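Trainee: Residue-level listing of the chains:
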Amino acid sequence: MSQLAEDAQSEPASAAPASDPTYDGLRLHQLTKSFGGGFTAVDALDLDVPRGSFFALLGPSGCGKTTTLRMVAGLETPTSGSITLSGQDITFAKPYRRPVNTVFQSYALFPHLDIYENVAFGLRRRRAKEVKAKVEAMLDLVELTSQARKKPAQLSGGQQQRVALARALINEPEVLLLDEPLGALDLKLRRAMQIEIKRIQTEVQQTFIHVTHDQEEAMTMADTVAVMNAGVIEQMGAPAELYENPRSTFVANFLGQSNLISGTVASRSADVTTVDMHGIQVSVPAGRSHVDGDRGWVGIRPEKVLIGEEGAELDAPGNTIPGGVISDVSFVGVSTQYLVRMPWGQELQVFSQNTGRTRMFRTGERVELSWRPEYAFLLDQAQDATAGAQRDAQ
Amino acid sequence: MRWVKERLVLILGLLVLVYTFVPIFVVVAMSFNNPGGRNVYKFGSFTMDNWKDPCAPDDLCSTLATSIQISLLATLVATVLGTLAAFALVRHDFAGRSASNLLIFLPMAAPEIVLGSSLLALFVASGFAGQLGFWTILIAHVMFCLSFVVVTVRARLAGMDDDLEQAAMDLYATPMQTFWRVTFPLVLPGILGAALLSFSLSFDDFIVTNLNSGNTTTFPMYVYGQERVGVPMQVNVVGTLMFVVSIAIVLGMELRNRRRVAA
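Residue numbers (the working numbering), protein chains in the order written: chain A, 1 to 394; chain B, 1001 to 1263.
Don't take each hint at face value.
Said to hold, decoys possible - The calculated label-pair distances, taken between Cβ atoms and stated as ranges, are:
| id | chain 1 | residue 1 | chain 2 | residue 2 | range |
| --- | --- | --- | --- | --- | --- |
| 1 | B | Gly1096 | A | Lys94 | 50 to 60 Å |
| 2 | B | Ser1098 | A | Ala230 | 26 to 36 Å |
| 3 | A | Arg149 | B | Gly1013 | 34 to 44 Å |
| 4 | B | Leu1072 | A | Phe39 | 43 to 53 Å |
| 5 | A | Arg149 | B | Val1250 | 24 to 34 Å |
| 6 | B | Ala1158 | A | Thr386 | 35 to 45 Å |
| 7 | B | Leu1188 | A | Glu130 | 26 to 36 Å |
Said to hold, decoys possible - Listed below are several chain A residues computed to face chain B (Cβ distance under 7 Å; list not exhaustive):
| id | residue |
| --- | --- |
| 8 | Leu75 |
| 9 | Pro95 |
| 10 | Tyr96 |
| 11 | Asn101 |
| 12 | His112 |
| 13 | Phe121 |
| 14 | Gly122 |
| 15 | Arg125 |
| 16 | Arg126 |
| 17 | Ser352 |
| 18 | Phe361 |
| 19 | Gly364 |
Hints listed in this document are in silico derivations from the structure and should not be mistaken for laboratory results. No experiment lies behind these values; they were computed from the predicted model shown. Ideal placement from N, C-alpha and C gives every residue a C-beta, glycine not left out.
Just need the whole structure built from these sequences, with the hints factored in.
Mentor: Printed below as a string of structure tokens:
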């Protein structure tokens, strides 16, 4: 880590104002990567990752998240922009001169070295002292002490994953990069490793940047999630904040599922925006309204929608929409998922918890939907209502 | 009949093995032969004499020494050059790369007699007619071994995961260290295989060698020359030794691989 001070190239980055020596985290400033043929993988990205945070870069494949990670690792040279770490400009520093280590998607364990030597690789290159003690402590942390003298090919996928993690972590990098580290594992093992990695991060208190296309994984593990799409960050924040108050249709659809209903802004007050939604007035809190013009998408998560018989008293003052007809019912145990055809032809999704308080509805029944206004959000209608939705078909 | 049907693959396999190994067993048997009469190809009686003094016939051991020298040198030069060429072809994009990839196959595909005679024409035309010998043979051998080395090492390199070198660099290895700690050990089996192949190709080459040898005689040329008067039994001793050495190398490598996997 101290080597960085001497070795980091002091090459002038085009964007000088980014190097604020007082910021101790990782800062990407106007970072851009274009490939031949005019394809821009990462487009003028600005991003601050605070020291010690568990940060997730979430996005569909091809959104530029891996390219961003590789630029931080030094495996890809930015076209323009700068990368600073603890105030040091590392934009053009060689990968072996940055205090950053990577857990590769393929693990990339050295097949000719045993587990012990794989883990010791980084320490030996830097001529660190107490290699033996450190390697043993690290193998202990990932619970692989008994496998130290085996070759990577003799370990299971989950064990190889832990070796890859140990091999990177042992160098105490200022930033640990995880490139879809759990992609090759089966679902059960993936869940176990998510908890394991989270535990290790809490223990070592280092900055982790986790790249993934799995929204559930990102939300489970990270304390800050940045949703990336087409080379730019769509929205960034704590998982709950992103989920509850998405600012674009892409985020609304990519993180979970959303009903997006076309509407026209009727009036705006200091704390409420009122929207005319196919003749029905609904209100959306001003802080959840992300529209400047008149036309917007009223968004509501399926589990926030209450379903009831026509004319029934519902515990949701404000937004009530009559005239729905159930077109599909799927019972999934903890909840029942309904598709409700609305008078204007659109089918809305409703997830109803099977608490026993309401009866199950059948296909063809007429129902009324409602939701508490504070759960609704309003998005710009210029955006595609299906952006980011493909994954949810899975 | 059914018994044969069920074991057809096994029987055919054994027949192929017998077919392959009979000549080798003949060589081994002949190395203990005391023909007694004029017909050296007839097994007379058992003797250890051939083994006690394999160098007894004139020129046998001197030509053998020449051959081993040429083969070792040709192997060394071809392996080094070929490995470098393979790295260039796999790792670097340069003008004429695909053409080079194709051209490197040509010496393997061309008939040896064509290679040999065109080389001779080249040497003579360049004024080396009087200098034909050890060095011209060496040049010729390096030429045809090179293609085999490039092809073998290239296959190994192309099969290597790029992430490994990136991981090494990510773990503080300089480009030099990355090469010697990761790339080279992983490509080494390919290089060793290429070297073995080069050695045996060079050692037993006759056609190209014969055309470019001048007054120098290699072991294959010696054996061919002796064939008219009857090959000395000691040649079989050399043949048996070579067979034993190659078996030992193959077995050694196999054992090493098994230990690696089982470690």
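Trainee: Verify the interface restraint on Asn101 of chain A: the C-beta must sit less than 7 Å from at least one C-beta of chain B.
Mentor: It holds, given that the least Cβ distance between Asn101 of chain A and chain B is near 6 Å, below 7 Å.
Trainee: Given a hint of 43 to 53 Å, does the C-beta separation of Leu1072 of chain B and Phe39 of chain A actually sit inside it?
Mentor: holds, 52 Å
Trainee: With a cut-off of 7 Å on the beta carbons, see whether His112 of chain A makes it to chain B.
Mentor: holds, 5 Å
Trainee: Measuring from the C-beta of Pro95 of chain A to each C-beta in chain B, is the shortest one below 7 Å?
Mentor: holds, 4 Å
Trainee: Given a hint of 26 to 36 Å, does the C-beta separation of Leu1188 of chain B and Glu130 of chain A actually sit inside it?
Mentor: Given a distance of about 31 Å, which is inside 26 to 36 Å, the answer is holds.
Trainee: With chain B as the partner, please determine if Phe361 of chain A meets the hint condition of a C-beta pair closer than 7 Å.
Mentor: Constraint on Phe361 of chain A not satisfied, violated at 53 Å.
Trainee: Would the stated hint for Phe121 of chain A survive a check requiring a Cβ distance to chain B of less than 7 Å?
Mentor: holds, 5 Å
Trainee: Note whether the CB distance of Gly1096 of chain B and Lys94 of chain A lies within 50 to 60 Å or breaks it.
Mentor: violated, 30 Å
Trainee: Please check whether Arg125 of chain A passes as an interface residue: C-beta within 7 Å of a C-beta belonging to chain B.
Mentor: It holds, given that the least Cβ distance between Arg125 of chain A and chain B is near 4 Å, below 7 Å.
Trainee: Is the hint on Ser352 of chain A kept, meaning its closest Cβ partner in chain B is under 7 Å away?
Mentor: violated, 47 Å
Trainee: Do the beta carbons of Ser1098 of chain B and Ala230 of chain A sit within 26 to 36 Å of each other?
Mentor: Given range 26 to 36 Å: holds, Cβ gap about 34 Å.
Trainee: With respect to the beta-carbon atoms only, verify the hint that Arg149 of chain A and Gly1013 of chain B lie 34 to 44 Å apart.
Mentor: At 38 Å between Cβs, range holds.
Hints 1, 17, 18 and 19 from the earlier list are contradicted by this structure; the remaining hints agree with it.
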